[in-house]
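Visitor: Residues per chain, in single letters:
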Amino acid sequence: MTKARLLVFASVLAAVGPAYAASPPKSAGQASLPPPYSGAYQPIGKDEIGLWQRDDEDERILAASPERFDVPPLAAYLTDVLCRTVGTDRCKGVRVYIVRSPFFNASMTPNGTIRVYSGLFLRVHNEAELGAILGHEFGHFEKRHTLNAFKAERSGRNLLAWAAVLSATASNFGYRTNSFDSLQISVHGNLRHFSRDQEREADYMGIGFLNASNLRPQSAAQVWHTVMGEQEHSAAVRGLKRPDFKGVAFFADHPPEAERAESLELLAAPEGATRSDGAADYVRAIAPYLPAFLNDQIKLNDFGGSDYLIQAMGDTCGWTAPLYFARGELYRLHGNPRDMPNAIGFYERAIGADSTMAGAYRGLGLAQLRSGLIEPGRASLKTYLQLDPGAKDAAMISTLLESGH
Amino acid sequence: MTKTGFVAATIACILVATPVQAHKLEEANVAVRVAKSKMSVTPERAWNGIGGRQGKQSEVWTIDGEQLNELIFFADVRGGATLAPKMKHVTLPTWDEKMLLVELPELVERNYRVTRQVTEFTQISSKPQTFLGRDGIAFEYEYVNADGLHVRGIAVATIIDGALYMINLNAPRLNYFERSKAAFDAIVASAKLD
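Chains as they are written, first to last, in my numbering: chain V, 133 to 537; chain U, 61 to 254.
A couple of the hints might just be wrong.
Here are some, though not all, of the chain U residues that point toward chain V, as calculated from beta-carbon distances under 10 Å [claimed, not checked]:
| hint | residue |
| --- | --- |
| 1 | Thr-154 |
| 2 | Lys-158 |
| 3 | Glu-166 |
| 4 | Glu-169 |
| 5 | Arg-173 |
| 6 | Val-174 |
| 7 | Gln-183 |
| 8 | Ile-184 |
| 9 | Pro-188 |
Worth flagging that the hints you see were computed from the coordinates, not collected in a lab. These figures come from a predicted structure and were not determined experimentally. Note that the Cβ used here is the ideal one computed from N, Cα and C, for glycine as well.
I would like the entire structure built from these sequences, with the hints used as guidance.
Guide: So, in structure tokens, the structure goes:
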């Protein structure tokens, strides 16, 4: 494209852009339908071209990273849900990447890469909730928030610049995900890009997409209720103060979860309440990968949060052998004598749901041995070896059966 | 104080101050007690001792730097102790005297997942091995560290009167693990309780 043509193209885009740059309403009322899509877009100006070049390089690193959960069917499913949420015309230019990380996050960069953390799959329970998150991230993308945030940071006059600096400094002392904050940004995405108003705007866009889709928009608020529940239970077990979801932490980037959940409920179109939330399809799509994601979660050593997440998924999506098994593992690894009877109960239910689940017999046997139930424990471990003779720890279990320790 | 006086005083302070030894040479073929315990080992080659940075009952050695080969001794670890220094807002897994040998790989995995920002962790194998003259376990695993590097690890451990004794090697899968493995095996074979 010549420079003159590029200028014409840019001016057309600039004219179209503000047409759908409507701000969220101050008063309650359902989110309006998204504006028509403006089509293919190329970066304009030094700032945006630079950002895209950086993101293209990050995408190259991400695509080859060992931390990428490279499972094409799951990525294709996410793309499908995104397309059904934001419309097929909008989703064409988007590439979905799944990052193996047990936390709740998703992000989208200006060049059209969307990163979804594997931990997200434990915190959403149906396609409508998933669509709400993907639509939210798409909202940041369509509103070009990254560019605005970058410009604001560079200007040095904006409060946001200081927020970014302080949050970067504080990242090592933060709450919950603190030890993961120094991960490579190219793979995991920048976790702190947007201002609170931009987050609100993206929420508004996300729910607008859902209102216009075939999915149930009322489900969007449920994601935040799940996140609040997880944080409350995590804090309670650690003996920490109950998180204050109404209060705004100084310089925190996201609107408080309670406010988000309330606004999303108000913005959802009432006529959408009878639509399907796509729970059955969601459960079927993630089933092959759920055991791995549950394993990542329970080994985070966050007993309260993990137990809440497993229960929430079981109560919402239906209890299955992998969920019972994960809960058994969680209680056994927690390790208190009082946890063992609970662990035994969960393993037994897992076996009741799937009598060929070798791992459940292993866990059951170990929990029984630790409870002093020697003979039942030995019997369970023998069944484990019969079901999985080539298990990685088969030699150790055989020795345990012979020697008793 | 004049500027020259201040500079002179500063230089004098630097010269007089006792140098702090960050590293200690662990010589070849010399028996040495590790991790402030009765466990001693005799390395076949020289190592750099770099202190007890993985908790009170630990000691770390390296050959090329701890990111390239990290040898950790844990000795006389009692119930309730962690395998890493305490971290703010993160609950670390703790050693439990009732834990079974076969559960040790899970403890090490949980410890590294939390303390080393590991999201991909694979248990490779575990098998019985005599250690310190008692029934023990040897297990291997692999993880991707926060820099996206594949790290391979091996640990040999046993439980004595409810206390954990373990020698653990972590090194990049590419080149360094194989290069350091023989030195690790020699140290494990030489380990004894005084």
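Visitor: For this structure, which hints from the list above don't hold up?
Guide: none
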